[in-house]
Amino acid sequence: MSFEWKYVRAPLSFLLKAIVLMIFIFPFLWMISTSLQTFQETLTFPPTWIPSIPQWVNFSTAMNAGPFLTYARNSIIVTFSVILIQVLVMIPAAYAFAKYRFAGKEILFSFVLLAFMIPGQVTFIPVYLMLADWGLINSLLPQILPFMANAFGIFLLRQYFMQIPQEIIESARLDNASEFKIIWKIMVPMSMPALATIALFSFVSHWNDYFWPLVMTDSAAVRPLTMGIAMLRETEGISNWHIIMAGNVVLVIPILIVYLFASKQIVKAFVYSGIK
Amino acid sequence: MASIEFVNVTQSFDKNVIIKDLNLKIEDGKFTVLVGPSGCGKTTLLRMIAGLDPQTSGSVLINGKDVTRIPPGQRGVAMVFQNYAIYPTMSVRENIEFGLKNNKVPKDERKRLVESISETVGLAGYLDRKPSTLSGGQRQRIALARAMVKKPSVFLMDEPLSNLDAKLRVQMRIELIEMHKKLGTTFVYVTHDQVEAMSMADTIVLMNQGQIQQEAAPEVIYRQPNNLFAAQFIGVPPMNIAELGIDNVMFGFRPESGVLSTEPLATHFQVPGTIVTREMLGSETIYQVKSEEQAYMIKCTEDRFVVDQEVYLGVEAGNLFFFGADENRIDREDGRFSSYLEALGGRSKVLVMRGQANG
Amino acid sequence: MDKKRIWEAVRPYVMILPAMTGIVLFVLYPVAYLIKLSFYKYNLMNKDKSKFIGTDNYTQIFSREDFYTALLNTVVYTIGVVVLTLVLSLIIAVWLNKRKRFNAIVQAGIFTPHIISIVSVALVWMWLMEPNHGLLNFLLKTFGLPGSTWLQNSSTAMISIIIVSVWQNIGYYTLIIVAALQSIPPSIYEAAALDNASKFQVFRKITLPLISPQLFFILIIMTIGSFKVFDTVKIMTGGGPNGATTTLVYYIYEFRTNSIGYASATGVVLMAIIALLTVVYFRVLSKKVHYQ
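Protein chains in written order, with the numbering used here: chain A, 1 to 276; chain B, 1 to 359; chain C, 1 to 292.
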């Protein structure tokens, strides 16, 4: 390694990293910039980097293009109901699979693993027909009920429970604690990291979900934000990018806020789910 | 306070029989130590008393009452685990009062009990801390406090000291003995460490392969071991055992009963040999003496010999033990004892003479 | 007392009941139902007019050209995404492996697109790829290169979609590989350094084998994930132009209302492909993968 190279290397590597970082961050900055431009500004060449006067009106135009309050409400209700129901269903199941011995346990658990591997893209037609039969298509339930058993979550939480020493549970039994109390006062507090991981994961994937609501809903009243934003192109015209980007910002902001506050946990959650 | 009784108890896991038709009575108020190698069934016994793994058949009686159907939390027993099993998300106070809360003890009473117990075990200043901020010794005390606060009639302890370092272990041993004296409750203590058993027990229950080998006070087990297993399990180094050469009988003696000398001795048993190793432990020295392919460990209070030195090893007749082909000890009163003793004495004379001739 | 014993025996089943209900009702039963539907000509308006037609749907699938187009498109997409993502994320991970503050920031930045809705990602990229006013063509022209029509041309639409998918997911796989790299004990590298191994040798003989379980895992989830691709296609191209980006799931989606039986049969084929991929991967690659 020559003398000069040694001094060039560090700044060069920094520059290269900065460029790579920009490749992944810039499209979002560009989205925000466009969302504040006028229609004319979106057409200029070279492009307008920073809008002369921020066009906040784009946001109200976007939000008035459809029942966005309903969309937002639906997204919030669906996401939080899914997380709540999943957690309530998952805890007892994971505990039973981790700490009890019972006939058929292996087979039943293999069902959980099987469910983990079968994607919604395969099952959506029969699930839709079934829920239509039950007359639920005009409610939010088709976006909630099918996710009540989070196979990945059950698997992860069971692993976590299995690592908790049996003696702690036995100690609690000797302290005359009921099984409910053992789960609620000991297992759940001890598994908070795993539960947070699973909940964050669910939040991100259900807030962002597009495919499932697309195939499960027939009316605007039950559609979520993702669908509303995707439809902006049809309602507002294909070339009104400043309006479409404004709607897009509204969709992205909640996730970005969560990411800003919990980036470490989210990164950890995703990596953890990837390695285990 | 309570006595504990096992009546024809069998315990098996998945057709794996750990304990078969065992009978044992643990006396009220005594410090009883269950000791034996790993897998001998001692922990299984303890867990049966606690009700954590109910026995497959037979019955367990606490204070004469069959507790088979009574769940662990209602048996009036407390248990201290090897890894302490502290609830990591609860503060020290919450850990100690968890059992009281579950037993619906009123709040004021709880507060008073927790504070007086924490005073006793030396955790007074730490009640609102999380266990993860405390040392191993302090966590051990949480486990003890948690057991004591329930005022159980039986204390069960499963190797509670084995996660502590050597110094702390010796200190805790003394504290446990004092605690037993103060509480006067039945203690059942499981360990694989015979030193712990010898130093703490009123009664030792020595187990091997699911069977009780001997049940006696420490000094009795040491001086009158029932069989080869007891003789070799208790004592460091274990009893020296060698073949007598008649009827598959073995003879043995404790390392401290051996006498070493550079000159032939007048003892009943005597062999010439060579010092192979020397371990200097401070107050005493342990020599390994090899004689005719047989190695003997000898414990001396004096440090007079060096490795490779030729010595005579002798043992007085009163310190010799004989074990029959069934591995049981042959009592002094037994008719065979004197003939075996004589045979050993005769052999010693021949060996010593041959040794002198060679020398 | 006996009541208590019965409760203790039943309790595990009660505790897993809600979860098992969800799994049976929304995964296992639908799979069976899907297979049944695939043998029917299903009438959505009047179920009684649905007709059992045996394997006709399957015969139809394998004789229709548009199915093979969709399958081929999916395969091309999958290979493109898997190869590009794997290679790029491996390079970036090795490059950003050192525990430094700036590296962590770059990693977090690269990861950001992964947690953003595919809807947003697709819309932003459509805007970037807009042929007349889009930023990408502006950049190309600035460097004196000809612009592209990107999504609006059947020869470049697929690669455009692949670029978007790779861009969105690279950060996730980079993070997994970085975690794998950092879990290699430094003593192994120190030993290699004492053995005078070159950087390339160390990477090929030590690093790569040690992270191969994670790479293997990535390969499986990426392949299966790519076979399910739908959202980007639906939003960015609607399967076009001229069916150039119609993938299997999009193909099923298009038939979902008018030919439920046919769509279901295609769904069964997709499921079979995913199952086959999983099995093949485990069989073939597990032999070559270093597990500790």
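Incorrect hints may have been included.
Here are the simulated DSS-like pairs of lysine-lysine, each with C-alpha atoms no more than 30 Å apart in a straight line [said to hold, decoys possible]:
id : chain 1 : residue 1 : chain 2 : residue 2
1  : C       : K36       : A       : K6
2  : C       : K36       : C       : K51
3  : C       : K4        : B       : K104
4  : B       : K101      : B       : K181
Covered stretches of chain A, going by a simulated chain C footprint (3 or more residues, C-beta under 8 Å) [as the list claims (entries may be wrong)]:
id : region
5  : 20-34
6  : 59-68
7  : 84-94
8  : 191-198
For the record, the hints were derived by calculation from the structure and aren't laboratory data. Even for Gly, the Cβ is constructed at its ideal location relative to N, Cα and C.
Each hint, compared with the structure:
1. C/K36 x A/K6: 68 Å, violated
2. C/K36 x C/K51: 11 Å, holds
3. C/K4 x B/K104: 21 Å, holds
4. B/K101 x B/K181: Holds. B/K101 to B/K181 sits at ~28 Å (cutoff 30 Å).
5. 20-34: holds (count 10)
6. 59-68: Not satisfied, violated; 0 residues make the cut.
7. 84-94: Three-residue rule met by the region 84-94 of chain A, so holds; n is 5.
8. 191-198: violated (count 0)
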